[in-house]
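*Asks:* Could you fit the two chains together into a complex? Lean on the hints.
Sequence order for the protein chains is Z and E. First residue of the first sequence? That's 1 in the numbering used here, and the numbers climb one at a time after it. First residue of the second sequence? That's 339 in the numbering used here, and the numbers climb one at a time after it.
These aren't lab readings, by the way, just hints derived from the structure by calculation. Incorrect hints may appear among the rest.
Keeping only pairs whose Cα atoms sit at most 27 angstroms apart, straight-line, the calculated DSSO-like set for lysine-lysine is [said to hold, decoys possible]:
#1 Z/K61 / Z/K75
#2 Z/K144 / Z/K65
#3 Z/K75 / Z/K12
#4 E/K502 / Z/K314
#5 Z/K314 / E/K503
#6 Z/K71 / Z/K144
So, partial list: chain E residues that the calculated Cβ filter (under 8 angstroms) puts toward chain Z [claimed, not checked]:
#7 V367
#8 P390
#9 G402
#10 Y428
Glycine included, every Cβ here is placed at the ideal spot set by N, Cα and C.
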Amino acid sequence: MDLGLWIEWIVKAIILIVVLLIGFMYLTYMERKFLARFQNRYGPNRAGPVGLLQPMADGIKLIFKEEVIPKQADKLIFILAPVITVIPAWVILAVIPLGSIQLFGRTIDFSLAGDLNVGILYIMAVTSISVYGIVLAGWSSNNKYALLGGIRSSAQMISYELALGLAFVGPAMMASSLSLARIVEAQSKTVWFAVLQPIGFVVFLVAALAEINRSPFDMPEAEQELTAGYHVEYSGMKFAMFMLTEYTKMIVVSVIAATLFLGGYHFPFLTDRWPWLGPLVLFAKVIILLFGIIWVRATLPRVRYDQLMALGWKVMLPAALLNVFITAGVMYVLGMIA
Amino acid sequence: MIPDLILFFGLALVAVASAIGLLLSRSAVYAALNLILNFTAIAVFYLVLDAPFLALMQVTVYAGAIMVLFLFVIMLLGAEKLSTGPTLPYQRPLSILLAVILLLEAAYALFFRSSPGAPPAPALAGFGSPQAIGETLFSAYLLPFEVVSILLLAAMVGAIVLTKKPRRRG
Chain Z
1 MDLGLWIEWI
11 VKAIILIVVL
21 LIGFMYLTYM
31 ERKFLARFQN
41 RYGPNRAGPV
51 GLLQPMADGI
61 KLIFKEEVIP
71 KQADKLIFIL
81 APVITVIPAW
91 VILAVIPLGS
101 IQLFGRTIDF
111 SLAGDLNVGI
121 LYIMAVTSIS
131 VYGIVLAGWS
141 SNNKYALLGG
151 IRSSAQMISY
161 ELALGLAFVG
171 PAMMASSLSL
181 ARIVEAQSKT
191 VWFAVLQPIG
201 FVVFLVAALA
211 EINRSPFDMP
221 EAEQELTAGY
231 HVEYSGMKFA
241 MFMLTEYTKM
251 IVVSVIAATL
261 FLGGYHFPFL
271 TDRWPWLGPL
281 VLFAKVIILL
291 FGIIWVRATL
301 PRVRYDQLMA
311 LGWKVMLPAA
321 LLNVFITAGV
331 MYVLGMIA
Chain E
339 MIPDLILFFG
349 LALVAVASAI
359 GLLLSRSAVY
369 AALNLILNFT
379 AIAVFYLVLD
389 APFLALMQVT
399 VYAGAIMVLF
409 LFVIMLLGAE
419 KLSTGPTLPY
429 QRPLSILLAV
439 ILLLEAAYAL
449 FFRSSPGAPP
459 APALAGFGSP
469 QAIGETLFSA
479 YLLPFEVVSI
489 LLLAAMVGAI
499 VLTKKPRRRG
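Isolated chain E, as found in the complex (with noise of 0.2 angstroms):
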């Protein structure tokens, strides 16, 4: 149990700290880096929840992404230091008022829910193995299944289409 805790809250600093850092940091690729700390804690704490799939589709989906982001990053902006102060006026208050009422409600839901809540049903064996999430995927949720792959390669023949250049005639 002791070690648990000791995982859990390592783990949850780090998830916190980068995510911090990401909002701070005035750099674009310190940005990007603390991003990529924070997916990966975040896939630790699915291992740690013995979803060993969905953690390494993290990494795989979301770092190689980030990793596109970056090159963007280096390529298009070269690294400059942002300028400080916030763009548009009202975001600062806003973002404020939001983030209290975020508080408010997750407090309510906590302290005045009507039952106290079972305690979570332990997870089946093989749940959330790649044999399982597969059979899901193509029994129960086939269409979206399909329709998101539809999508994918509409995108992708877009892109291919907008970086063409026009051919010449003549």
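So here's chain Z without its partners, still in its complex pose (with noise of 0.2 angstroms):
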């Protein structure tokens, strides 16, 4: 293997990360500045210019903070359970294409796997495994509203996991492909899926709230009835991993959202002169999504159980199938009148 690759993987894995702590940050920022505006106040304004070092001093009280671990719990599983729950959210955008550019008489990729042939599958498989460590930390805590919140979010995730799933099936067989490099350069030549998939955009858009626990779908941490939910024990910086993963979840799913259904990287006429421009395209897609995101927390109440459940089996399963269906028809006639 060739130094050189070694070392542009490495230095692109390291870029991501630090886009995702940093964006982490400034999500929670933006998150209760928009909250705030929403429910007519100013939100954080204090540290720093209008709040800006806010993020850098709930960091600095976290650490400080004191990390009790319950006697009761099991130790080895209540401190590797953040652990477990943060790594999926982290390695999800491998697979995420940001285009490329020719620098130095060689072509740059800017994405760390994007043209992985499963690129699909791999997003699907990071998402299943990563509903343990929330159920690893609500079983640990030896804590019964932390058990009911691990259980209650692992039925969400599992029953959610399948409509979210054939929500992907659509962009994959409008791009007959599995990479997502394929799917967005396929957008690139039509317009976007959102338009041509337009009950499969709806149904990932919520099944992807409910898959990272946002609200209206936040069930796993209903402060009425489970005070807190799985990481209810949970103090100091294993609380902020939670919380780091709650919101890198949130970027990720953005990401996902627009590379999928909104073109990616990619915008008619813009990035086709400045190749350039696609990580920033992209970025401001997902500042959108994640705007859209907030805007529902702050809309909508929390539905209840049960209601959560029926609206995942009775209506997400079949309309996603449904979509399915139609655009298998839809593609098989178009191909026989081509």
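*Replies:* Here's what the structure looks like:
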């Protein structure tokens, strides 16, 4: 293996993780600011100019908090659970294509493995293991609220994973490839798949909200019923790692949604002329989607647990199946005509 | 060559250690966790062998399946420690006997092969890619594929019927 390739990969991986960490910090700030404006408040405005240093202050505070481990807890799993939760959220972005540029006579691809021919399956595989951390945290705390939160979240994530997976099928069929790079290319040749796949897009957005346990589907951490859910016994940096995962997952689903349905790094005319704009275009799309997620949280009340399950199994899954069916039918008919 | 060997032996160590841990751990939760670790190590083996599709299926299907197993353990057993000692008296001698037979067979196959065996042909380009697997599945193995789908459907209907409470009349 060529040494230059190794260095390139390591640099890209570090950049990816640093971007996600900074993104997490300022996503908390963005959420608090926007929520405050939605509720006619100011939000954080004391640390630094317009409160810009608030994430640092939060981080320093959490580092100096006492780490409490319950006496009856299963210590090894209790300590490992936050780590197991963080890793899937970080590794999933490796397959997102970010475009490429010509520099010093060689093609530099911005993404880590954007051209992987099983990119969508990789995303599915990582989402399927991302529930473990939450369940393990809930179980190892030896607290009934935490356990209930963990079990709820696993039931929710397993149920919505089906709809999520079927929503992936639409773009994969239209691009006739499982590679995310091919899917973005197919969108750059026609239009965004959000236009061609309206049902799939909506199903994906709803299922993704449920998958990352965000409002209005934040049942695992319903304060009134479960005090805080699976992370009720965690404090200090371990708690911070759960928060880190939650916000990183928000970024991750926004990136995936933008890539599959909103053209990814490609924007008509703009990135055709200046390919180095690719990551910035994706960033802008992600910011808009994140704003949408925060908006939903500020607007909608939490749904009841049985309503959540009924929605997942009786509405989302049939709708996603119908979408696959319609896509296949239309593609077949168009193929016959052409 | 050297990095490949390091990678292989590291992975092999993880796979074997987690398999032994699975057998020896007395707590059902730790056994399930060891199983997940084992399956993940096997998935990385598939990746090393240039079969990413198989690797990702291994993670998705098996990790997902073990999740359900894991929940069963938590909810039904309460993760209690299993009692020590074998439950069936003839189990341990029998397992030792079978293991010795398996070892002898493997050694026989290894040392007394008639020919040294040709080195395996390198995989064709696109071998194990989603396209290749899809085409094989829907042409050569179409009948087994359809039969399995009907079998799964029957199992699904059966599960729903079994868990449904009988409706009270009147």
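*Asks:* Indicate, hint by hint, whether the structure satisfies it.
*Replies:* Checked hints:
Distance hint between Z/K61 and Z/K75 is fulfilled; the C-alpha atoms sit about 24 angstroms from each other, no more than 27 angstroms. The suggested pairing of Z/K144 with Z/K65 holds, with an alpha-carbon distance near 24 angstroms, which does not exceed 27 angstroms. With a CA separation close to 35 angstroms, the supplied pair Z/K75 and Z/K12 exceeds the 27 angstroms bound. In summary, the hint linking E/K502 to Z/K314 is supported, as the alpha carbons are separated by about 16 angstroms, within the 27 angstroms threshold.
Pair hint Z/K314 plus E/K503 holds up; C-alpha atoms about 19 angstroms apart against a cutoff of 27 angstroms. This hinted pair checks out: Z/K71 and Z/K144 have alpha carbons roughly 15 angstroms apart, not beyond 27 angstroms. The beta carbon of E/V367 comes within 7 angstroms of a beta carbon in chain Z, closer than 8 angstroms, and the hint placing it at the interface holds. At its closest, the beta carbon of E/P390 sits 5 angstroms from a beta carbon of chain Z; the interface hint therefore holds under the 8 angstroms criterion.
A cut of 8 angstroms between beta carbons decides the hint on E/G402: the least distance to chain Z is about 5 angstroms, and the hint holds. The beta carbon of E/Y428 comes no nearer than 35 angstroms to any beta carbon in chain Z, farther than 8 angstroms, and the hint placing it at the interface is violated.
Checked against the numbered hints above, the structure breaks hints 3, 10 and satisfies the rest.
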